[in-house]
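Chemist: Here is how the chains run, residue by residue.
2 protein chains.
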Amino acid sequence: MNIIDEIKNIILERDEVKANELFEEYHPVDICLELEDYEDEEIGIFVKLLNKENLGLLLESAEEDLARIIMRFFTNEELIETFAFIENSIVADLLGFLSTVRRKEILSLIKSDKQNILKMILSFDEESAGSIMTTNFIALKEHLTADQAVKKIISISPKTEIIDKIFVTDDKHRLSGIVTMRDLLVCHADTLLRDLMEECDFYVYGTDDQEVAANLFSKYELDILPVVNNKMVVLGVITSDDIIAVIDQEHNEDMLQMHGVNADEEYDSSLMESFKSRLPWLVVNLITAFLASSVVKGFESTISQVVVLSAAMPIVTGMGGNAGSQTLSIIITSLARGELSLKEDFKLIFKEIFLGLTEGAIIGLLAAGVFVFWHHNLYLGFILFLAMILNMIIACSMGFLIPLLLDRLKVDPAIASSIFLTTFTDVFGFFIFLGLATMFLPKLV
Amino acid sequence: MNIIDEIKNIILERDEVKANELFEEYHPVDICLELEDYEDEEIGIFVKLLNKENLGLLLESAEEDLARIIMRFFTNEELIETFAFIENSIVADLLGFLSTVRRKEILSLIKSDKQNILKMILSFDEESAGSIMTTNFIALKEHLTADQAVKKIISISPKTEIIDKIFVTDDKHRLSGIVTMRDLLVCHADTLLRDLMEECDFYVYGTDDQEVAANLFSKYELDILPVVNNKMVVLGVITSDDIIAVIDQEHNEDMLQMHGVNADEEYDSSLMESFKSRLPWLVVNLITAFLASSVVKGFESTISQVVVLSAAMPIVTGMGGNAGSQTLSIIITSLARGELSLKEDFKLIFKEIFLGLTEGAIIGLLAAGVFVFWHHNLYLGFILFLAMILNMIIACSMGFLIPLLLDRLKVDPAIASSIFLTTFTDVFGFFIFLGLATMFLPKLV
Chain A
1 MNIIDEIKNI
11 ILERDEVKAN
21 ELFEEYHPVD
31 ICLELEDYED
41 EEIGIFVKLL
51 NKENLGLLLE
61 SAEEDLARII
71 MRFFTNEELI
81 ETFAFIENSI
91 VADLLGFLST
101 VRRKEILSLI
111 KSDKQNILKM
121 ILSFDEESAG
131 SIMTTNFIAL
141 KEHLTADQAV
151 KKIISISPKT
161 EIIDKIFVTD
171 DKHRLSGIVT
181 MRDLLVCHAD
191 TLLRDLMEEC
201 DFYVYGTDDQ
211 EVAANLFSKY
221 ELDILPVVNN
231 KMVVLGVITS
241 DDIIAVIDQE
251 HNEDMLQMHG
261 VNADEEYDSS
271 LMESFKSRLP
281 WLVVNLITAF
291 LASSVVKGFE
301 STISQVVVLS
311 AAMPIVTGMG
321 GNAGSQTLSI
331 IITSLARGEL
341 SLKEDFKLIF
351 KEIFLGLTEG
361 AIIGLLAAGV
371 FVFWHHNLYL
381 GFILFLAMIL
391 NMIIACSMGF
401 LIPLLLDRLK
411 VDPAIASSIF
421 LTTFTDVFGF
431 FIFLGLATMF
441 LPKLV
Chain B
1 MNIIDEIKNI
11 ILERDEVKAN
21 ELFEEYHPVD
31 ICLELEDYED
41 EEIGIFVKLL
51 NKENLGLLLE
61 SAEEDLARII
71 MRFFTNEELI
81 ETFAFIENSI
91 VADLLGFLST
101 VRRKEILSLI
111 KSDKQNILKM
121 ILSFDEESAG
131 SIMTTNFIAL
141 KEHLTADQAV
151 KKIISISPKT
161 EIIDKIFVTD
171 DKHRLSGIVT
181 MRDLLVCHAD
191 TLLRDLMEEC
201 DFYVYGTDDQ
211 EVAANLFSKY
221 ELDILPVVNN
231 KMVVLGVITS
241 DDIIAVIDQE
251 HNEDMLQMHG
261 VNADEEYDSS
271 LMESFKSRLP
281 WLVVNLITAF
291 LASSVVKGFE
301 STISQVVVLS
311 AAMPIVTGMG
321 GNAGSQTLSI
331 IITSLARGEL
341 SLKEDFKLIF
351 KEIFLGLTEG
361 AIIGLLAAGV
371 FVFWHHNLYL
381 GFILFLAMIL
391 NMIIACSMGF
401 LIPLLLDRLK
411 VDPAIASSIF
421 LTTFTDVFGF
431 FIFLGLATMF
441 LPKLV
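Those protein sequence lines, which keep their order, are chains A and B.
Here the first sequence stands for residues 1 to 445, where the numbers follow the UniProt record's numbering.
Here the second sequence stands for residues 1 to 445, where the numbers follow the UniProt record's numbering.
Careful: at least some of the hints might be erroneous.
The list cannot tell twin chains apart, which means a pair is met if one copy fits it or any two copies do.
[As the list claims (entries may be wrong)] In silico DSSO-like cross-links for lysine-lysine, where the CA-CA straight-line distance does not exceed 27 Å:
id	residue 1	residue 2
1	Lys8	Lys347
2	Lys347	Lys276
3	Lys351	Lys276
4	Lys219	Lys165
5	Lys343	Lys8
6	Lys152	Lys165
7	Lys443	Lys297
8	Lys410	Lys351
It is worth saying that the hints were derived from the structure and are not from the lab.
In this text, all values refer to a predicted model and were calculated from it rather than measured experimentally.
Whenever a hint applies, use it, and build me the whole structure from the sequences.
Modeler: Shown next as structure tokens:
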């Protein structure tokens, strides 16, 4: 029997034993993916059958919508009991899904040490390093011996996520270094942590953007990253498995936003969600299209005399758009990795200008050849050739400049770059080509 | 003094002490990033000053080009000495950068146990799970006690990367479970690993694509993933910090390929590399552009009678392209995450058709309104409205179908989807709009 049928039967028969056994057979992530297809009441029947530990596993893996539905079926007291099985940063996420009133009610009922940690996590912005950190880490004082440290670790290890990297702190709780479990086990029992620890090269502040943390992980292949406050006290730790979700999210956001889609639209979003996600961008694009269209309209009399121009002009603008978006995708990818800055890399614009020139010359020559062959008019070919070169230079240099300028202005370049680029390549493309055609009109008719 | 000046001085003064001290102050990744800007001979001077351990750190962090340059300055014997400080999977990468002749020479000089591991890693394809795994893991027999296990781990831990997750194997070396260091430390000393271990839910084969591993990490938030052969013998392990590089790489490939750029082009690639990376795609696009252009040419006589059509037609094709690429980006993102299949999700095409219809109706109405206002011709507005709806339906359904079909045919949808999409939206867009205009020609002139 597969997971679909099993869940169906469990809901039908309200079978408590089988509901909890399901967690031995399947990963909570897969159970969540199945549950998403059920009606709210069916989900309610299923989750009410679970013991608090399995309910905790389910809530840990549930996406926002499903988590909201699940939590609706439980009292505040039941949820608090369940939260005992869930890592604090995820409990904070779950609390964030609730109404302000209910969140405050539940927080006030949680015992004060856990309550303070949760309030601290909730105080950080949604996409900050502090919001994704784990608070179950081990920090030990630097005057402890290796032997004392190992005993301490054993006594508190059931409550922590990572036990192979231990933070070492000074008298004022400030991060002073890191020791590994391996070093603790192989050194002399009376070695002081102070002498054993290694310096901690990287850390982030709780208020830093999660992308800062993600870039550190990518660049230096870290496995953990401590999160500190401005007094260098460790608040939590980000692990590489936490950061994978962030990296996926940031990449997908870039990919979707570059194509005018809201970052949270999924392939199975409802029709209304998709509609709301896409329409605003289409309207913005329409305004751009009208800008380009009014350039064409301005040259109506030229086109009416040489109608073949209307068949050639989309080639100039289209190819400009293509060349520009090649540059754009490279610059946006590099910006996301934090590799590029307007100040340091400005001279690379000359490479792009030269690329536009050579690409334009080759593509222009090919395009011109075809039109000369079709129309036996050398001037038409020459105009097409020249317009292609000029538009590709604009395309490549704008594909370079626009995202860097937006980045400088603290606007996410993935969102707005392509609309600006298309405006340039379309408006200039039509203008250059039809303008040249108007200049050489006597040779064309 | 900053890193740039320090390296400059070290090379000028050939200062061995300062060269090696640099590694206490800076991360090897940062030293590599600086070195990339130097001439080959300068790099040679610098790396010859390093002791083998620091040379190993440098090679571990170096990109392919830099690693090739560095290795050129050392004999086979010197490289082998250096490889002792480098993790095997990276040694295998480095060997892969050498000529076949030199690779074979070096391999034959390496002692046989390490040689066999390297040959095994080298036998896997470049983007397979086997090529990115670490071979420094701990596997213990299931009949050992916790106490015996801890002693064994302490004795071999200096040679391994991960010590908090230990693989447990049966008599035939097959993977039977995983124990954590935490469990070993807190349990009774005479507990058997067999009774302590947890089942291993996830594993990959060495021959599996690295993307399969990456998707497992993303979906189930894993921290490690064993790599096995077809007899279930553990060959290595992939850690979440290894997989971050893979996830970054796969995402960037998708982003670049979707815009017609080779996956290995960087913002600072040489002019020639960029040129080679981009030109082929532009030529393919040019062919598409000519297809669309020849449709326009076919309607020359219609356009010559109603010139305003030439100002309206790029709006129809442009908006179709925009709407289609919205769908495309969502489908490609979902495919990359392994969430979508043609068979299971075919019915979602109806959502896209309906989206195309509604988006087309709204955008078409806006566009028609402007043209009716400009030209006082209701028929022109009606044709624009109708063409927009039809082209958006084609755009959205093709944006859905094309990547799924390509995926089914084992073609990477990121590479080819957008060219097919633009062909459809341009060719159909021009054809529908100009075709309708020709039908209603008497009402337009």
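Chemist: Each hint should be assessed against the structure and marked as holding or not.
Modeler: Right, here's what the structure says about each hint:
{"no.": "1", "hint": "Lys8 <-> Lys347", "result": "between (63 Å within a copy, 22 Å between copies)"}
{"no.": "2", "hint": "Lys347 <-> Lys276", "result": "between (40 Å within a copy, 21 Å between copies)"}
{"no.": "3", "hint": "Lys351 <-> Lys276", "result": "between (40 Å within a copy, 14 Å between copies)"}
{"no.": "4", "hint": "Lys219 <-> Lys165", "result": "both (20 Å within a copy, 25 Å between copies)"}
{"no.": "5", "hint": "Lys343 <-> Lys8", "result": "between (60 Å within a copy, 22 Å between copies)"}
{"no.": "6", "hint": "Lys152 <-> Lys165", "result": "both (14 Å within a copy, 20 Å between copies)"}
{"no.": "7", "hint": "Lys443 <-> Lys297", "result": "both (22 Å within a copy, 20 Å between copies)"}
{"no.": "8", "hint": "Lys410 <-> Lys351", "result": "within (25 Å within a copy, 35 Å between copies)"}
The structure fails none of the hints (numbered hints given earlier).
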